[in-house]
Every structure is written in structure tokens, then in C-alpha cells.
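Visitor: One-letter residues, chain by chain:
4 protein chains.
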Amino acid sequence: MSKNIDIINQHESVVRSYIRNFPTVFTKAKKHKMWDENGKEYLDFFSGAGALNYGHNDDHMKKKLVDYIMSDGITHSLDMASTAKAEFLQKFHDVILKPRELDYKVMFPGPTGTNTVESALKLARKVTGRTDIISFTGGFHGMTIGSLSVTGNSMKRQGAGIPLQNTVTMAYDNYVDHDTLVYLERFLEDKGSGVAIPAAMIVETVQGEGGINAARFEWLQQIEEICRRWGILLIIDDVQAGIGRTGTFFSFEAAGIKPDIVCLSKSLSGYGLPLAVTLIKPELDIWKPGEHNGTFRGNNHAFVTATAALDYWKDDSFEKEIHEKSEIMYNTLQKIVTDYPEIKGEVRGRGFMVGIASEVEGLSAKVTAKCFESGLIMETAGPNDEVFKLFPALNIPKEDLIKGLEIIDESVKHLVKDPVAN
Amino acid sequence: MSKNIDIINQHESVVRSYIRNFPTVFTKAKKHKMWDENGKEYLDFFSGAGALNYGHNDDHMKKKLVDYIMSDGITHSLDMASTAKAEFLQKFHDVILKPRELDYKVMFPGPTGTNTVESALKLARKVTGRTDIISFTGGFHGMTIGSLSVTGNSMKRQGAGIPLQNTVTMAYDNYVDHDTLVYLERFLEDKGSGVAIPAAMIVETVQGEGGINAARFEWLQQIEEICRRWGILLIIDDVQAGIGRTGTFFSFEAAGIKPDIVCLSKSLSGYGLPLAVTLIKPELDIWKPGEHNGTFRGNNHAFVTATAALDYWKDDSFEKEIHEKSEIMYNTLQKIVTDYPEIKGEVRGRGFMVGIASEVEGLSAKVTAKCFESGLIMETAGPNDEVFKLFPALNIPKEDLIKGLEIIDESVKHLVKDPVAN
Amino acid sequence: MSKNIDIINQHESVVRSYIRNFPTVFTKAKKHKMWDENGKEYLDFFSGAGALNYGHNDDHMKKKLVDYIMSDGITHSLDMASTAKAEFLQKFHDVILKPRELDYKVMFPGPTGTNTVESALKLARKVTGRTDIISFTGGFHGMTIGSLSVTGNSMKRQGAGIPLQNTVTMAYDNYVDHDTLVYLERFLEDKGSGVAIPAAMIVETVQGEGGINAARFEWLQQIEEICRRWGILLIIDDVQAGIGRTGTFFSFEAAGIKPDIVCLSKSLSGYGLPLAVTLIKPELDIWKPGEHNGTFRGNNHAFVTATAALDYWKDDSFEKEIHEKSEIMYNTLQKIVTDYPEIKGEVRGRGFMVGIASEVEGLSAKVTAKCFESGLIMETAGPNDEVFKLFPALNIPKEDLIKGLEIIDESVKHLVKDPVAN
Amino acid sequence: MSKNIDIINQHESVVRSYIRNFPTVFTKAKKHKMWDENGKEYLDFFSGAGALNYGHNDDHMKKKLVDYIMSDGITHSLDMASTAKAEFLQKFHDVILKPRELDYKVMFPGPTGTNTVESALKLARKVTGRTDIISFTGGFHGMTIGSLSVTGNSMKRQGAGIPLQNTVTMAYDNYVDHDTLVYLERFLEDKGSGVAIPAAMIVETVQGEGGINAARFEWLQQIEEICRRWGILLIIDDVQAGIGRTGTFFSFEAAGIKPDIVCLSKSLSGYGLPLAVTLIKPELDIWKPGEHNGTFRGNNHAFVTATAALDYWKDDSFEKEIHEKSEIMYNTLQKIVTDYPEIKGEVRGRGFMVGIASEVEGLSAKVTAKCFESGLIMETAGPNDEVFKLFPALNIPKEDLIKGLEIIDESVKHLVKDPVAN
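Chains as they are written, first to last, in full-length UniProt numbering: chain A, 1 to 422; chain B, 1 to 422; chain C, 1 to 422; chain D, 1 to 422.
FYI, nobody ran anything at the bench for these hints, they're computed from the structure. Be careful, since some hints might not be right.
A pair counts as met if it fits within one copy or between any two copies, since identical chains are not told apart.
[As the list claims (entries may be wrong)] Using 20 Å as the maximum straight-line C-alpha spacing, the simulated EDC-like pairs for lysine to aspartate or glutamate come out as follows:
no. : residue 1 : residue 2
1   : Lys40     : Asp72
2   : Lys28     : Glu87
3   : Lys30     : Asp59
4   : Lys288    : Asp385
5   : Lys413    : Glu361
6   : Lys314    : Glu218
7   : Lys105    : Glu283
8   : Lys30     : Asp67
9   : Lys98     : Glu319
10  : Lys62     : Asp72
11  : Lys258    : Asp103
12  : Lys91     : Asp6
13  : Lys191    : Glu291
14  : Lys191    : Asp385
15  : Lys413    : Glu291
16  : Lys98     : Asp6
17  : Lys191    : Glu359
18  : Lys281    : Asp94
19  : Lys31     : Asp72
20  : Lys370    : Asp385
21  : Lys62     : Asp311
22  : Lys28     : Asp72
23  : Lys30     : Asp72
24  : Lys335    : Asp94
25  : Lys281    : Glu342
With the hints as constraints, model all of the structure from the sequences given.
Guide: Here is the structure:
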């Protein structure tokens, strides 16, 4: 085995996970490709679980970052003012918020997804004076106690070691049928239901870890309408589905809703560097100075690359490109499901956030393992890892997208032909 | 006012704080100095609240980082294996753990201080099957719900919007007198005390945010002894006091104790980049794969600079240098307290983590404001901001350290002379 | 106004409630009748909210009680042994448990409904090592924090002043439709639902305070089946529906289910004296001695009357009598609903636990007020007090039952005719 | 063995406790004496754990009770008005509250100690809008989740099966030394202590279950003063120490303090019947009607006996009698401690609530067992059952008090002489 794998196995905690599925040592990465220490090349259909929507080490961002470092630009600034930060704020406003008629205030809650979710929950409770948050089945929001309380996965929840409180789980769209909101509303309007009017609902428009479940726009619109009617804040956790992954910068744009609070992280920095923001409607921005803080909320390297990444959104060409390629992806997956009925598959998702859920136990893990052998990296999702999940870089060239899809098709075919051997 | 300040005031959430104390825009930084957009130079006695113990943009680390970026080294790897990670693990073992006869497993819990604290609390509860954590008055551990539950500051706690649970606060060393552990032990041994044997105690050896309170070594040794006797895990939160800040790599070395779990972040990456580790005694490393995870737990830029930073610890010369300079600092502060009895000051802390607590309300804020005018950056600490806190880079040249101390002396003198004008 | 009413208004807390609906002073009561200080006679269709199923001051029980008192029988015995207690235990076993093939252990958890519910929840958590309890919309279980946590009413819940925890509310039968258990099961079987397998479910077979909602036997059987399948304990709270109120001693007999734990109180003593028991399957009886206790768990006066009350259940004649009269009641209510379509009424309940829910806001309160004027006492129920609720003594003579029903019919008629005046 | 003991062992839950220490079957009781089914007579120095301060079956109360029952007086009235209730309220005001210049409103929260404690905690949280309650080491307040959360005993707490929340335990008087309030105040005034200003403190002036710990009056006065200064409500739980047990009707009278809320139960009814009240300063009586309720809050039998019992307090003769006899008791216990240094005893308590704490493990249990043999009933208390506790009826004749004390002296002597045989 590799000496480096040895080192990791010897020194790193057993909590490590992806190294178990992708047992090799990566050294280099560019755009939608990665290379390991043996020089083997991989197509990356994983993209850092959505943190690398623009691929690896994008040249434009790289240049900006190296120039900044070479000029001894300030690296770590807490929430003091820096030029890098001001530039990011201005451009984020000009390129993203203003054209979409959104006037959010930008909070830097610490650089990770769970930081932004925790800040959103705290603010919602502070604004409303209520304690409960409604979250949804299949939701994934993070690993710290506040975020974990609104996360559905039972293995992760048990990791808390304490009862997780002040949250109520409701059924996501299509959980049982199309009527999940009938239940939700009944609980809210009935004064004897045991469910209090919550501070907020926290929703992913497409659930990633939960198994690539895409809510219908109609469902999202109804959620917004219910929130408005009852004075409940609507938090969209766009950590995974945002930054173009579903085809638009924010995942909720196509549904036509305007959340009260939005959580962004993962691909926000563009380069895979830690960065997160919490977007807050101005009238809700009632924090005391420093009431929520964090050491790495001023990660200027990430400001620099994030600012560069916004160039992708200056006009609608990128959206169109994503849309076009996502159709290819979707159609190919549909074909796989049709061609191989043995896998009892269902295509899920929207945009560049798609996958196949298979009712055959263990199949998805086998597909991803087979793909890895063939030089394609892809992960599983869902409570029983029943989904294999395609997360290519949004700017992957069409030919390499097709090449990747062929590897998947071949892997499925291989497994279907010779189930015993696998 | 600066256009960039305008931008920030307009777009960033009111939660921003340090910009209020240091109302200028920083552009460049090197070693122990910073420059704003007007070209004004500052001595940095703040060091990113302890995240920049080696100063800004250290040339050695910078070179390693730029080389890595230029070679398209993998930037974001979740917890897949990368050469950058393996190198960090090996060197951390060789340079830090092995010489200190520590055999911790290294967990990457996400890149911030609150991530490592949350992982430590979760693991302690999982290992022991108990729910309570004992924390201490004046403790600061983070802003997410788990970490906030063990943090003392009432303004921050109220920010949670929910009751914070599963924790018991005990009196830190010297809280009332030297007998705080008599109370603690009585609570533990009395079956009618209402305090259950906890999963863990979480302790800072020197409390930073809490007001630069340094626990006596004897107190820390007794804490360890109590933990051993009752089967309680000892978590040292070394996020702020670690990485040399008190004079040794770990702040607990001089006390001769061996915690069960150690939390490190802030200066770990050396360059101000987000990185954190949770160090775990091997027999406690019982996580399930992926039971705690996080998108940015594989921040390879930070691995590269962190590895380079470890060169500071290859022999004991750095420790000696810190020790020598810390004596200068401590003696100067003692002299200030003696020279200006009007400030009713008390020198606190140890190593490069020192300050003066003043009983004169508002004085510390005035001192830091005056210093800022004079080109020195320094923050306040303590529940009532009653302490001004000196956190220079550990590798600051002696002459600039003295220069900074002179600015402080001048500022105090100025305020004492003309209290009305200030 | 009455001097006694004055005294009460002056000295008793504003929390008092029924005195507001029945503003007179009661002095005497016998069987199904009450008299106030003015000598006015009332038919009692309220029966102490189900605590007086055998009517007031039953002569047989009264004689036993007075004899016991006159002989200086021990009154208060905590859980020391007394002859009165032993006699109750033996007779309860012989007359109630054995014929029904139930072998429960009997716990005396304190003399009120909330005591038995709290003991049941504690035991379920202790036995399973789990923390959550599933309760149901519309459920009412008591006012102490544990019981209140499983109670649905939002006004009562807010009275807690703290978030109520460790419980999950699911939809009771017919809450939205007949499929409520499809949702419940989906939540249990989905590892990503955010709902953990609970320690227990606590269910009323007919919800009294919740608005006289009678679950279908099929629903109850499915609940039992789900509990068995997942190793969840089934607690039936029979405090209000038990002791004959639905036609059988236990309310769950007709559904053919065997709960793991049963809560009884209210009419258990027969005479309106405080008494409660928690019935526990022998294999679950793992309490430590004194782990749950209470000063009034040995209320011997209540043992004496409870023992006497069991004579009602020596053969099946009482059940038959209840059944016959309940048909009269049910049919009359159906006729009222049909005769007065203006009240938009729906008949609810089963046995001697019935009522009419009216969609006309405020109507039920007006009906009960009008009845009170006419000498009939009856209360409202449901989250919006939309139900008027008939709870006559089970042994009320047929002619007085009919007389009471006529008063109700008259009251409704009166209100329908002249809605303005009312 | 007795047939009745057999019945109980066979049918009652293993949670039963006192029957284990007093393994006989009681049939009859009068004043300060009890008889078992074998006709053996016992002196009762236990008094129903404080529920029988006037002894068993007091003739005056008995006559009133039987007359009431014979006249078919209303037995169970919820919180409807009854003459029995009005008479109790008026007399309680005239005999108890008015002469002591107390103007509390009287709430009937359900008939047991835990009911009144739960209502007090709820009201304190409602009034202040805060969630935390400060309770004290050694405190005992009840077995339902709210009351259990403020109870110290770890075995009882573990019986909850869930973490007990929203409470902070502080050191009772003399817990470590006389300075426990220095700690308490420091925690309150320090904004970084992690302890929020609570809704209330709940205190017993003498802790019964906790081991007969009597707080100094000075300590109680300081507690009151701290509560006033910080706007914290002061709840005195007088369930066990009240109704004359310490020599005055309320246990706090001698300390000269005026609590905001007082909890009474146990001996309130005088006859051992379940009854409790929560006394509330008028300005705090902000309940909504029915916001806290309970089936047995109108236990008229108890109103009748409680009213009769108040005759004991019409003048100060009863207080004087208690005082005189308590001196005999206290002096005898002091003599026992002096005469038998082997028991390493300490006399504790005040009034008729006294005991000896012995450092010899298991000794107190042996003393009570030996006394039981000799015809005296007495229980142990304290977290390790290290105290034997004398709770005679307050109206015990001097000669029988002395006789009981002689039995105790003899038992101790016997054990000291022949420790092996015991």
C-alpha cells in the first residue's frame, strides 16, 4: 500500500470516511479532473460534495489568488475591514443580489456550512422570540449541535450524545404523497396539535445528502405562503444546492420565492476555500455587534477567489450552458433506468444535482466502486446510500461529461450482467 | 470616510464588530505589521485573536503555499487522502507529538475552533454515555450551539435564542479564592448535589476572551487528578492558548498534564488559514466513519502552511525566544501598573498571552483606542471589557516589541494625565 | 352575589376556571345530582370531568368509608403495608385483571392523573434507554412538566415557561384522514426522518379534553402492531376514558389490545377521592425501590372506596346497562344534529363519553351556559371549546338521562331559534 | 409471613419502599400511635414523612369529616365553588395569613407536593420570562419532571430517563463552609459566569430528605436579599418543613423573610388527606384561567379537615408547646451524641424536624431497624441515608416523646455495645 495511506491510517482518527471509498492519494487537480500519486487520472463527478462547482484550481481565480498572496495582501482579518472583503461585498451586490432584486445584508458567520446554518437558526429565534424550528425529513444542515438538531440522518444524530431539541420534523415533498403540506398546515392551525408556531422553517430546495430529492416548485411556493401567513421565517439552506448547482445562482430562483434568510457556503469561494455567508433581509438584521462571531470569518484568500468566481454570473451564458448540459445528463440517466430495469432505478434531482436511486440493496455503492476503478469519482447519498449522485463541475466540457456518463453506463451494465461476481 | 468602509457599512450585517474598534481598511500585512489603505503602518498586538502567532504572511510558508498552488496541488479534498495531508500528519507526529510522548489520533473536524470543540463534546458524550459537560466561569469555546453551551459570556449565550443545556458551570481558578475545586469536588462526591458525574470537563489553561485568566499549574493538576478519579474526560481547549502562545506548543505542557482530548485551531495553519484538529487518545477514538464530518475538513492550503510552520518547533530555540521576550512584556506591564496606580491595574496571563485588568470602568477601551491612534492594534477582553490584552506575534523582534510596549505606556500615561479629555 | 363566591374571588388565584362557568356554590351532592347553597338542584352531566363515574357519594362506598374512619383505620400510610391496601390489590386482581387475562403489577405513583403519567413516561425511558415519547395531536395527559410535554393544548403548553422536550407529536386517528399511521410508520422506518425510535407511544383511546375524538379500533390495533414491531412500549392513558366511561372497565378492551403500561386515576377511587395506579407488565417492572415516590401514594380512604366500587364489575350487568343507555344518548345526539342543521354539528365519542362538535363559533359554550340555567351541568372540550361534552354518571337512571337529554335539546332549540338574543 | 404482605409482594410494583423497612401490616392508628395486624403498638416518629403533624385520626377533625360525609357534602368539586372550600379559604386567611401580615392568593394546584412545586416553577417562569431556576444541593421537591429537575438526589434524578434541564444547583448553607452565598453572588454578578439570572430560587428552610440540614436564618435573609436585588422570585418549598414542623406555621417565620411563592402540602389537610396549595403574592397572580389545572384540586374532604386543623393555630399555645418539647428532643439527641462518641454523630435540624447524622456507614439504618423492633417507627434521610430522623407528631404528649427518645437511646446503646451482632 501507499506510504501516504499508511501514514493516514496510522495517525488520523477512524472517523475518516471518503478515503475508504476512494483509497488512493491525490496530488494534483485541474478543472474537472484529478490525479493520484500513481499518475492515474480521474474524472471528478463528486466536486468536493458541491464545493467545487467551477472545478479544481480554475486559472482565473488562481492568478488572482497568487497575485494577492505575492503582494502580501492581508490573509486573516477577522471582521476588520479589508479591501478584499469590500470588493467581494460590492461585486456580490452588483452581480448577484441587485439583478435578482434581492437586498440581503451579508453576514460572515464563520467559513463553513454549519456556521451559516447555526447563525440563521440563532437569528430566527432572536427575531421571533420563539424556540422551535421546523425542519424536514431527509434534511442535512451540519454537524454542530444546532445544525445537527435540524438534520434528519439518525446515525449522525446519535453522534450528538444528547437529545436534540427545539425542532420539529415535518414531511418533505413527496415523502408519502403530494399532501405533506396538508399535514403541516393542520399541525399549525390546530391549537391542540402540540406543535407550536415555529421561529422558522429550514428547507433545502433539493436535498443532497438526503438522497437527491427535488421539491416541486409548487411545494416550495406553498411553503413560502404558509410561512408568510403564520409569521414564520423561511430559511433556505443553499449550501449544497446553491451557487449554480441547480442551474441558477440560488436554487430557489426558478420557484420564484424570496427566503428571509439564505445560507451559502461550499462553492461560494469558487476555489474550494472555506467561506460562508448568511444572507438576511435588512429588517431582520438585528444582531448586536459581535453577538455571533468566529475566528475565520475574514478569510481573505477566499474573498479574492469568490470575487473572481462571480465573473461566471455576469450574464446568463453560464446558466444556459448548465441547462444544456443538464439535459444531456438527465436524459442519459433516464436511458440507464430504462435500459437496465434490473436496477429498479429512479432518476432524481434537477440541474447538475442528479442521481439514480436504486431499490436494489447495495447497488449504488457497487456502481460508484466500479466507476472509481474506471477512473470516475462519484459518491452515494440517501439514508441507506441507495442513490448514486452525479455532481460534475458546472463548467465541464460536454465531451468529458459524456465520457463520464459512458463510464457510469458501462459500470451499471457490468454489474447487471454479472451480479454474482460483484 | 473611505469608500470601502462605506461599502461594508452598507452591505454587511450589523453583527460586524472589530471594524467598529479599528475603523480603517487594511490592505497589506507582513510579520507583525499591518498597513491600511492610507499607507499608515500598525504594530499588530492583536494577531488575529491568536490566529497569527507567527505573524502575517511568513515568507517561508508563503513560498510553500504559492509553489503548491502553482503546481495545481489539490486544494479541497474533504477527507480523501492527499499528499499535503499525509505530510502534515507525519510531521505533526514527528515534531510535536512524539517528542512530547503524546500518541493522539488526529481528527479533522472542520476548519474552525467551534468545529473542534463540538467534535470533542460529542465524542466525550459518546465514549462515556453521559450527557453533562462541566465548563468553567469565563470560558469561551465557540458560537455554535454545542460550544456556546459551554461558553460563559451572557450576551453570547442569549444570542442562542434557546436555553443552553447539558452543561454545568463551575468556578475557574481564583474565581472567588483558591478553593474553587473544594466546591467542585463536593458537588461530585455528594450523591444529593444535583450535579451528575459529567462526560467531560472542558478547560482553557489560560482564558483569553474571559479576561486573560491564567490557571495555576497546581489547579490544572488537581483538575486532571479529579478527572482521573471520577472517570471524567479532560478536554483542553487550546484553540487560543495553544501553538506557542503561552510559551510552549501546547499550553498545558508546563503543568505536566495529559488531556484526553485537545482542541487546536487558530494558529495551527500558521498563515491565518482555517484549520482545526481534535487530538484524541487512541483508546477513545471510537467514532463511526463519517459520524462527524464537514465540507472543509480537507483544506490543503492550510495543510501546506501548517506543515511549514512546524519548522519553528524543530528544536527548543523558539521556546527560549518566546520566554525571553515574554519576560520583557510581563515586567513592562508590571511597571505600568506600579507607575500608574490610578488605573487600579492587575497584570494577568502567562507567556505571550498577557494583559492588564483595570478596575476603572471603560479605561481598557480607552487605552486600546489611544493605542490605535498611535499605530498599535490591541483588543479588550473580559466580561466587562475590563482587560486590555497583548497578543503580539511570537516572533516579533525585540525592538518592535519594546516599541509597542512604549506606545501602550504612553497611552496609559496620556489617559491618566488627562482623564477628562478622554 | 353569594358571600362564599365573594370569599373565593377574593382569596383564590385567578387560575380558577370552572367557577366561572358554573357561578354558584355547591353544598351537597348525591348520585347524579348536585345542589347549590340556594337549594337549586342540578343534573350532573359533568361528573367531575370523569372522576365521578359512579355518581356522587354512593351509599355503599360511603358506608364502607365511614365505618373505616370510625374504626380509626390508618388514613395515610405512604407505601407501608395496610390492610386497606392489600384488600384493594387482591380485589383489583380478582375482579378486574384476572378475568381479562391481564397480569399487570400495580404501582401507586401518587394520587393524581399526572402522577401516573409521569411515572409511566419515566419507566418507559428507563426500560428502553431511549428518550423520546410519541404523543398525539389532541392528547391531554397532565400539567406537570413531563405530562405537559405530551399534551397538545398550546395554551397549557405555553404555561410551562420552558420549551417542552423529548417528545414528538404525531397525528391522531382521522386528524387529516384515515392514513395518519402511514405517516407515522414512514417516519419510523426512514433512517433519515429525524424521528428516532421512541421509548413509548402514549395514547388515549378516546380523547376527552382534545374534543371527544374516538380512535377506530382498527387504528388502535395498528398502533399496537407498530409498537410491537419496533420494540416501542405502548402506554394507554386511561385516566379519563377508563373505569367504565366507554362501556368497559378499560377503554381498550373492545379493541382487543394489551398495552405495556396503563394509567388509571379519576374514577378509580369511585368516590371522587384522589387515587391513581400505573399498571405495568411484570417484565417491565424494573424500578429501584423508591426510585419514584410520593407522599400520598397510600391514601387509604381511597383504597376503601375503590375496593367497594369494584363490586360494580363483579359480573357483566353493569357493562350491559352502560351499553343500553349509551345507545339512547348517542341516538338523541344524532337526532339533535339532524334536527338543527344550523349548528353544523357532528356527534363524537363512544360509550358514556360523547358530545357534539359544532362548527358555529361559540355555540358550544352557549349551549352549556343555557343548560346550566336549566339545571344541567356540562362542560366544553376541544382546542377551541367547539364541543359540548356529555359525561353523566354511568349509573344514572334512564329517566334522568332522558330528562338531561331533553334539557340539552331544549337549549339547542332555544339558541337556534333566537341566536341574536344569545 | 402475613397473607397481606404476600398479596402486596405479589401484586405491587417493586418500586415500593417503606414496606421493606417496616415489614408489617398496619391496620389502625390514633394520634402518635399505630397498630399492626398482630396488635403490636408502635410509637410513630415518622408521621407520614411530615404529612401527619397532628398525629393520626385526630378526633376533632374526624368528627367534622364524618359529619360532612354523612350529610352528603360534595366530595369532589374540581375548582367549582363549594361551601367547604370557601370556609377553608376564609379561615386560612383569618387564622394564618392575616395575623402574619401575608396577603397571598391561594392556588389549588392539585393535591400533592409535586403539584404545588410544579405550579410554582411554571408561574415563576411565566412572570419573569426567564427559564432557569436555581435550586440547592440536598434539595427535594418531588418526582414529576419539573420538580425532579430541582431535586438533588442522583438516584431519583436518573429515574427521569432524560437529562433534567433549565436548572442550576448552588451550594446550600454550610455545604462547604459559611461562604456558599459568596459563590452564588459571584455567579450572578459576573456576566461571563455562564449562569443567567434565574426566574426563581427554590429553597427549603430545613431540608428533610436531604439530611435534616437547617439553614441559618442569616443565610435565608441573605438569600431573600439577593433575590430582591436581582429581581429573582423566592419560592419557599414548605411542603415538609411547614405546618408547624419547625415550630411555627410557616418554617420561614423565624427568619423574618417573605417569600414570593410558598408551596404547602403534606400536613395541610391535618388528617393525612391529599391537599396542597401554592401561595402567591397578589401581583404575581397572572395565570390565565385554567392555565394550570388538575382533577383533584377540589378535594373537599381535605378542605373540611384542613379547616378543623387550623384551630391549632388560633393562638400561640401550640407554638409554645412545640417549642418546649423540641428542646427536650434536641437536648436528648445532644446527649446521645455525647454519650456515644463511637457513632460519630452530629445533631441536626430545628423544631420537630431533627435527627442525628452519623459518620459510621450503615449505622443510621441499624438504629431505625432496632427501634422498629422495639416499637418505634423512624426513617433515615440524607444522600447516603446517614441520618436518622425524628418526626413525631407535634401534639405528642411529653411522656410518650420521652419514651420514644428512650427507645432511641437504648437502640444506639445496644448497637454501640455489640456492633458485631448487628
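Visitor: Each hint should be assessed against the structure and marked as holding or not.
Guide: These are the hints, each one checked on the structure:
no.: 1; hint: Lys40 / Asp72; result: between (36 Å within a copy, 15 Å between copies)
no.: 2; hint: Lys28 / Glu87; result: between (30 Å within a copy, 15 Å between copies)
no.: 3; hint: Lys30 / Asp59; result: within (9 Å within a copy, 26 Å between copies)
no.: 4; hint: Lys288 / Asp385; result: between (42 Å within a copy, 16 Å between copies)
no.: 5; hint: Lys413 / Glu361; result: within (17 Å within a copy, 64 Å between copies)
no.: 6; hint: Lys314 / Glu218; result: neither (29 Å within a copy, 61 Å between copies)
no.: 7; hint: Lys105 / Glu283; result: within (9 Å within a copy, 43 Å between copies)
no.: 8; hint: Lys30 / Asp67; result: both (19 Å within a copy, 15 Å between copies)
no.: 9; hint: Lys98 / Glu319; result: within (17 Å within a copy, 52 Å between copies)
no.: 10; hint: Lys62 / Asp72; result: both (15 Å within a copy, 9 Å between copies)
no.: 11; hint: Lys258 / Asp103; result: within (10 Å within a copy, 51 Å between copies)
no.: 12; hint: Lys91 / Asp6; result: between (45 Å within a copy, 14 Å between copies)
no.: 13; hint: Lys191 / Glu291; result: between (34 Å within a copy, 14 Å between copies)
no.: 14; hint: Lys191 / Asp385; result: between (38 Å within a copy, 11 Å between copies)
no.: 15; hint: Lys413 / Glu291; result: neither (55 Å within a copy, 32 Å between copies)
no.: 16; hint: Lys98 / Asp6; result: between (51 Å within a copy, 17 Å between copies)
no.: 17; hint: Lys191 / Glu359; result: between (40 Å within a copy, 15 Å between copies)
no.: 18; hint: Lys281 / Asp94; result: within (17 Å within a copy, 50 Å between copies)
no.: 19; hint: Lys31 / Asp72; result: between (27 Å within a copy, 10 Å between copies)
no.: 20; hint: Lys370 / Asp385; result: within (15 Å within a copy, 59 Å between copies)
no.: 21; hint: Lys62 / Asp311; result: within (14 Å within a copy, 27 Å between copies)
no.: 22; hint: Lys28 / Asp72; result: between (25 Å within a copy, 6 Å between copies)
no.: 23; hint: Lys30 / Asp72; result: between (25 Å within a copy, 7 Å between copies)
no.: 24; hint: Lys335 / Asp94; result: neither (41 Å within a copy, 53 Å between copies)
no.: 25; hint: Lys281 / Glu342; result: neither (49 Å within a copy, 47 Å between copies)
Hint violations for this structure: numbers 6, 15, 24 and 25, all remaining hints satisfied.
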